[in-house]
Amino acid sequence: MADDDLIYSTIGELNAKLKRREVSCVELTKAYLDRLESLGPKYNALALPLRKSALRKAKYVDGDIKIERFRGPLQGIPFGAKDLLAVAGYRTTWGAKPYENQVFKEDAAIIRKLDKTGAVLIGKLAMVELAGGGGYRYPSASLTGPGLNPWDRGRWAGGSSSGSGAAVAAGMVGFALGSETSGSILTPSAYCGVTGLRPTYGLVSRAGAMALSWTMDKIGPMCRSAEDCAFVLETIAGGDSADPGTAGKNFYYFPEYVRDLKQVKIGIAPVDYDMLADPSTKSGFDAALSVLKGLGLQTVVTHLPDFPYPAMAGTIIKAEASSIFEPLVTSGKVDELADQRLAQGLKAGLELPAKEYLKAMRIRALAQEAFRQLFVDVDILVAPTRYTVASKIGDALDRPPSAASADRPKGMSGLIPAGNLAGLPALSLPCGFADGLPIGLQLVSRAFNENLLLRMGIEFQARTDWHKRRPPV
Amino acid sequence: MERISRRELLVAAGAVSVAASAATPKQETPSFSASASREDDLKTAREMMANDAEQLKKVELPMAAEPAFSFKA
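Those protein sequences? They're chains A and B, same order as listed. Residue 201 in numbering that gives the first Met the number 0 sits at position 202 of the first sequence, and the numbers go up by one each step. Residue 3 in numbering that gives the first Met the number 0 sits at position 4 of the second sequence, and the numbers go up by one each step.
These are calculated hints, taken from the structure and not from any lab test. Be aware that a few hints might be false.
Not everything, but these chain B residues come out facing chain A in the computed CB check (under 7 Å) [what the hints assert, rightly or not]: (1) R37; (2) D40; (3) L41; (4) A44; (5) Q54; (6) L60; (7) P66; (8) A72.
Just so it is clear, CB atoms sit at the ideal spot from N, CA and C, and this is done for glycine as well.
Work the whole structure out from these sequences, hints included.
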């Protein structure tokens, strides 16, 4: 195996080494492939290795570098893609048995973009089946088994981008692509101790990706640093006529043009840290907030606009996912899924009355307006990404946490579904450990304000080293 | 063990986000298939939808509130 310092380098560091020809792209790709193929199965993180095509591409990249044809920071960087992104000619299983032999003829749009810039796809990464649409009960809801956490194989890697989180944390890839409908980038990022970015709805094309909810799906990077997320987002963002949801906007990474952080207002809900977060996480979150405040930011006590976000997200996702997977349900193949709660959830979703979907969408419009008003007074909402560390691998995910009581203050506990319903960008940063497991802090801002989130993330990571910690793989 | 009413269970289950239902679990379970039949799961899924509908019903909607047609704030 290659030197761990090389494997755990950031994209910027790896690209510099490639350009200085301290390491060749073929050597780097082989090193990551070796790790992916040996560690991937250990953590149920690998759906499909792509050694042959990766080495072919790496050789081509080395040729480009030799003649100083530089294509950007991702040139020569080996990466993995969640197995809901189509790669022409190879199996794309969506993590689900009914689709285990599915092969597409075309690459997903962002796979093509990354290929053009010289990034090297080395494998498809495991995921919760159908990205969890319909709701699932156990981490084992996957064709490849439960996603295991590199920090503790007895814990879940999070879902639904389980393999992406584990692969970045364990140094199996230089970066990974994940997708989020309601927490599927942020949750595994927090549980695995990696940096994950959920872009604004419509910033990244979803053409060639499995659809779960047309109005909520997003694709984003999971990396070893906030700056790495910026490099990946700059490449994958942009309009696409093949995805009618795209906004036609590009993303240019210009952190230096973000206004002075002393003028930036962050909104926090103290109850998040005093009551809702698990006691074991409190000191970590408190320390992380101190670092943020040390940047000179203005702090405002606030709370989420009061809407039933989980019920809204649940209704919308169930209605859209059940419509998308109606052929799977009516064919009876839905019963081949690993998690019967998910299968029956898709069946039940077909019975959802149109009026309930419309009601959820009407409330969604009110919630979006409330967020626009909130972001007049606050630039960034800050909250724990999850209030606990990763759950045990055998634990049910649908048992009521004590915090679910209607009488308890809500703080920002609905921020994941709320941010997804409002299509807002979010960045999850590793911010400490509790019981030996990573915890994460999420930053959420107004639409298309990724540069501010990334600047904050970069400043935070310049003052902390949580994102540099390595699990004992 | 703490007793949990069916209603509390539904409220909490509805609060779990679909794609990242990583709520704080406390109960050990041996395997995913052992604890409920398909019929039970279908019944639970229907009850969760009904619970979501109950929560949506509590929101007052002015007539002018149209469904969201843009999916970002």
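Hint check:
no. : hint : result
1   : R37  : 5 Å, holds
2   : D40  : 4 Å, holds
3   : L41  : 4 Å, holds
4   : A44  : 4 Å, holds
5   : Q54  : 4 Å, holds
6   : L60  : 5 Å, holds
7   : P66  : 4 Å, holds
8   : A72  : 4 Å, holds
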